[in-house]
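Since the structure of chain Y is provided, determine the placement of chain V on it from the hints.
Protein chains: 2
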Amino acid sequence: MSGIGFTLLGSDGNARRGRVTTAHGTIETPAFMPVGTQATVKAMTPDDVRATGAEIVLANTYHLMLRPGVDRIERLGGLHTFMAWPRPILTDSGGYQVMSLGALRKMSETGVVFRSHIDGAMLELTPEIAVDVQRRLGSDITMVLDECTSYPVAKDEAARSLALTTRWAKRSRQAFVERDGYGLFGIVQGSVFDDLRQESAEALIAIGFDGYAIGGLAVGEEQDVMFTVLDATTPRLPADRPRYLMGVGRPEDLIGAVERGVDMFDCVLPTRSGRTGQAFTPRGTVNLRNARHADDPRPLDAHCACVACRQFSRGYLHHVVKAGEIIASMLLTSHNLAYYQTLMRGLRDAIAAGRFQAFASEARAGLAQGDIAAV
Amino acid sequence: MSGIGFTLLGSDGNARRGRVTTAHGTIETPAFMPVGTQATVKAMTPDDVRATGAEIVLANTYHLMLRPGVDRIERLGGLHTFMAWPRPILTDSGGYQVMSLGALRKMSETGVVFRSHIDGAMLELTPEIAVDVQRRLGSDITMVLDECTSYPVAKDEAARSLALTTRWAKRSRQAFVERDGYGLFGIVQGSVFDDLRQESAEALIAIGFDGYAIGGLAVGEEQDVMFTVLDATTPRLPADRPRYLMGVGRPEDLIGAVERGVDMFDCVLPTRSGRTGQAFTPRGTVNLRNARHADDPRPLDAHCACVACRQFSRGYLHHVVKAGEIIASMLLTSHNLAYYQTLMRGLRDAIAAGRFQAFASEARAGLAQGDIAAV
Numbered sequence: 001m002s003g004i005g006f007t008l009l010g011s012d013g014n015a016r017r018g019r020v021t022t023a024h025g026t027i028e029t030p031a032f033m034p035v036g037t038q039a040t041v042k043a044m045t046p047d048d049v050r051a052t053g054a055e056i057v058l059a060n061t062y063h064l065m066l067r068p069g070v071d072r073i074e075r076l077g078g079l080h081t082f083m084a085w086p087r088p089i090l091t092d093s094g095g096y097q098v099m100s101l102g103a104l105r106k107m108s109e110t111g112v113v114f115r116s117h118i119d120g121a122m123l124e125l126t127p128e129i130a131v132d133v134q135r136r137l138g139s140d141i142t143m144v145l146d147e148c149t150s151y152p153v154a155k156d157e158a159a160r161s162l163a164l165t166t167r168w169a170k171r172s173r174q175a176f177v178e179r180d181g182y183g184l185f186g187i188v189q190g191s192v193f194d195d196l197r198q199e200s201a202e203a204l205i206a207i208g209f210d211g212y213a214i215g216g217l218a219v220g221e222e223q224d225v226m227f228t229v230l231d232a233t234t235p236r237l238p239a240d241r242p243r244y245l246m247g248v249g250r251p252e253d254l255i256g257a258v259e260r261g262v263d264m265f266d267c268v269l270p271t272r273s274g275r276t277g278q279a280f281t282p283r284g285t286v287n288l289r290n291a292r293h294a295d296d297p298r299p300l301d302a303h304c305a306c307v308a309c310r311q312f313s314r315g316y317l318h319h320v321v322k323a324g325e326i327i328a329s330m331l332l333t334s335h336n337l338a339y340y341q342t343l344m345r346g347l348r349d350a351i352a353a354g355r356f357q358a359f360a361s362e363a364r365a366g367l368a369q370g371d372i373a374a375v
Numbered sequence: 001m002s003g004i005g006f007t008l009l010g011s012d013g014n015a016r017r018g019r020v021t022t023a024h025g026t027i028e029t030p031a032f033m034p035v036g037t038q039a040t041v042k043a044m045t046p047d048d049v050r051a052t053g054a055e056i057v058l059a060n061t062y063h064l065m066l067r068p069g070v071d072r073i074e075r076l077g078g079l080h081t082f083m084a085w086p087r088p089i090l091t092d093s094g095g096y097q098v099m100s101l102g103a104l105r106k107m108s109e110t111g112v113v114f115r116s117h118i119d120g121a122m123l124e125l126t127p128e129i130a131v132d133v134q135r136r137l138g139s140d141i142t143m144v145l146d147e148c149t150s151y152p153v154a155k156d157e158a159a160r161s162l163a164l165t166t167r168w169a170k171r172s173r174q175a176f177v178e179r180d181g182y183g184l185f186g187i188v189q190g191s192v193f194d195d196l197r198q199e200s201a202e203a204l205i206a207i208g209f210d211g212y213a214i215g216g217l218a219v220g221e222e223q224d225v226m227f228t229v230l231d232a233t234t235p236r237l238p239a240d241r242p243r244y245l246m247g248v249g250r251p252e253d254l255i256g257a258v259e260r261g262v263d264m265f266d267c268v269l270p271t272r273s274g275r276t277g278q279a280f281t282p283r284g285t286v287n288l289r290n291a292r293h294a295d296d297p298r299p300l301d302a303h304c305a306c307v308a309c310r311q312f313s314r315g316y317l318h319h320v321v322k323a324g325e326i327i328a329s330m331l332l333t334s335h336n337l338a339y340y341q342t343l344m345r346g347l348r349d350a351i352a353a354g355r356f357q358a359f360a361s362e363a364r365a366g367l368a369q370g371d372i373a374a375v
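Going down the list, the protein sequences come from chains Y and V.
First residue of the first sequence? That's 1 in the working numbering, and the numbers climb one at a time after it.
First residue of the second sequence? That's 1 in the working numbering, and the numbers climb one at a time after it.
Pulled out of the complex, with its shape left as it was, chain Y reads as follows (with noise of 0.2 Å):
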């Protein structure tokens, strides 16, 4: 095998059902990829990562190039050894991250050169070198270096951007070393116009790659836009390669998504949300800083596997995150990531089954009914 595999294994409606194939495992999709930034998913052990049903997580290039370095991870044995996670891994290229930087960094048709804020260091990222480093790391999926436009963006600007964006995946493409089990994802951009996102997914396509992701999404715009977006897309990706949504989402907007075609998913929405005492369940979000749960015996999510739903009471939750207990991020974020993977296997499940929009439905008027009255 070349580059990673994907096979079909089903569909309801836009709806698939898959498998990729990389050279540290499967994922079955619609897979949901807990985020790792600097080599861990906060407040998890990777025993605990993979018990929540995850198969593979992401990690962001531009972290571990400023610390610890790639050079190290490298030394140290790759990504994989280092954080200790044997599964897949997908890298993203780092520059979602570098633009952000505004004025501490330098765009030009090479690439972008920035300072590091940790120890002031100049850095370059080209396509050569993103690619270059994320083979490095070790990755499964290596991401092209793309430019993310911000939103609102005026059609020329996205146009620009585009163009740019183009001719830095053909470069990508060219600086990628084929292994077997290794891929590479080109990135659909193009902002909110259809045109443009056809006229991205088209050179992307010619260029050729192991799956297709869809970026510049989830940067402020609502929901509605995303999906008419995601509309004028998906249908013009090839059937027999992953498509990513990158850094979606809410449980509504990966349901819409999944409906509309999308197989992968990131987003660091399950584990923040567990850092700060907020819980998603299939009744929505519960925020445990809430006084109402103190004195609350009943778990969080009576039909929840998790750890804190199966040993913890609300009134408990409640109490470790007022006190600011590091025990509240780690059940919170394996109680979240949970869910999300429960959802993804319900959605999967319900494609296998020809029952998508059933199972959606259902789902949707769970996340709209609210939570459980207070005791």
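Quick caveat, the hints were computed from the structure, so don't treat them as lab data.
Quick caveat, the model's predicted, so the values are computed rather than measured.
Everything hinted at is true.
It does not matter which identical chain is used: a pair holds within one copy or between any two.
Here are the simulated DSBU-like cross-link-like pairs (lysine-lysine), alpha carbons at most 35 Å apart as the crow flies:
(1) Lys106 x Lys322
(2) Lys106 x Lys155
(3) Lys106 x Lys42
(4) Lys106 x Lys170
(5) Lys42 x Lys322
(6) Lys170 x Lys155
Leaving out everything else, chain V in the frame of chain Y:
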């Protein structure tokens, strides 16, 4: 059985191998109790704590009175259910923390009145209240309210304080409700004065307790001073009751105290150090923040079976400590508690085998040897 049981299984010199029996299970002694101040051993789930080998944890009555409050814990099923620790729990009386409040508390013969730093409420601790609060928490082992003298202290002040502590001990004993599997420990005070320690021990024995703690140590005195006090105290205590040295200590302290006939210990050192990048090993302490670990592919301790040592390199631990990641606290706390429990198991096995001195010599030599050379 009324109270808690203690079986002396063997001895080697003054070192004792025993077993404490409580309502929630047995504790092999010599035993180390991890500290779970706010109903959580910081950065650990109960399963994590258990995996280190711990059989009992300590929780702090003072902190729990303030937040979430004893009424609340009682309503939520008691402390064992609340913190999901179904094994033995020892609670302190809250006295030690209250005494250190300085101007915020007012002492009298009756007890102590103090102001909550969390919500400003006025709270009271008397010998009777402290015993009642611990009963309501469901503690297997209740500690009497005592006055812990600072160090150094004049002898007349130590004598005055000890007399109060003894009167409080009598009131505590009278207030304690006898229940099978639940016990009350007295606390020997008297600072560094042999005759006061002797007087304290005799007075407590006359009252009669399920176990005898040695308080007022680990308050800044040198190790040889502590050992001298132990030499003067443990021979005065009944052989058929467990002895608990409060707030101790470093690995060398534990070895020397076991040598002098102590059975139980608690200390924040392994957990607190775990949150600041410091690790305990058979070759002494290791500061993972030190740059010499940055490129080290070796585990922290090649002979340790904890998750940090099985799965991660020193280079990774250095990275997550420097990056301020929560996993650093999780991994190093796991390691430190595993180290402490392994040390206690080693001491127990050595006493049982009649080779305590050989074990202690080897352990001390290892600790003095210092960390492995840098790569």
